[in-house]
Amino acid sequence: MQKNNLFGCQQNLFVTLDKQKSGHMAIIKEFKEFAMRGNVVDLAVGVIIGAAFGKIVTSLVADVIMPPIGFITGGVDFAEKKIVLKEADPAHKILENAIHYGNFINAIIQFLVVAFCIFMMVKAINSLKKEEEPAPAADPVPTKEELLLTEIRDLLAKKA
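This note's numbering puts the first residue of the sequence shown at 354, with every later residue one more than the last.
Possibly wrong hints are sitting among the right ones.
[Claimed, not checked] Straight-line alpha carbon distances no greater than 30 Å define the calculated DSSO-like cross-link-like pairs of lysine-lysine that follow:
{"hint": "1", "residue 1": "K446", "residue 2": "K434"}
{"hint": "2", "residue 1": "K497", "residue 2": "K476"}
{"hint": "3", "residue 1": "K408", "residue 2": "K434"}
{"hint": "4", "residue 1": "K511", "residue 2": "K497"}
{"hint": "5", "residue 1": "K482", "residue 2": "K408"}
{"hint": "6", "residue 1": "K483", "residue 2": "K497"}
{"hint": "7", "residue 1": "K408", "residue 2": "K476"}
{"hint": "8", "residue 1": "K446", "residue 2": "K408"}
Since the hints were derived computationally from the structure, they do not count as laboratory data.
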């Protein structure tokens with residue numbers, strides 16, 4: 354029988370808190386195991402590098418590739434190209450409604466640049482891997498047991 358005194362309540366409270374603490378610790382331990390697995394860490398590094406690479410490609414497209422294309426096309430800035438569906442009306446606080454196809458063209462060019470860069474990187478990595486692959490090993494010298502078994506097999510084949 355349990356006493357209902359202050360100390361008994363405190364003891365039950367501490368037992369409950371210890372159980373909760375061990376449950377939280379198990380979750381923290383499980384999360385740590387999950388987060389420290391090789392694949393998750395590699396994926397996180399890939400995402401961070403991918404985001405940085407995306408910024409580089411965005412700048413490459415906007416600042417390096419598109420200005421010459423704009424010059425060739427007579428000063429056309431694709432980012433400003435759009436089809437206006439409804440003009441803006443500042444008096445009635447109505448915004449312009451338009452299809453910004455120039456941004457879409459920029460996105461396509463950006464995608465093609467990223468895809469080409471990734472293709473070239475994968476191609477370079479694959480060529481390095483081909484050089485690193487060792488030549489196939491020569492057939493190993495048979496062991497004494499293998500030689501004996503081969504001899505027995507050959508003798509049995511002659512008798513049959």
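How the hints compare with the structure:
1. With a C-alpha separation of about 23 Å, the suggested pair K446 and K434 falls inside the 30 Å cut-off, and the hint holds.
2. This hinted pair does not check out: K497 and K476 have alpha carbons roughly 46 Å apart, beyond 30 Å.
3. For the hint pairing K408 with K434, the CA-to-CA distance comes to about 22 Å; that is within 30 Å, so the pair holds.
4. For the hint pairing K511 with K497, the CA-to-CA distance comes to about 21 Å; that is within 30 Å, so the pair holds.
5. At most 30 Å may separate the alpha-carbon atoms for a hinted pair to count; K482 and K408 meet this at roughly 29 Å.
6. About 36 Å separates the Cα atoms of K483 and K497, which puts this hinted pair outside 30 Å; it is violated.
7. Taken as a hint, the K408 and K476 pair is honoured in the structure, with Cα atoms around 22 Å apart against an allowance of 30 Å.
8. Using a Cα cut-off of 30 Å, the hinted pair K446 and K408 is violated, with the two alpha carbons roughly 34 Å apart.
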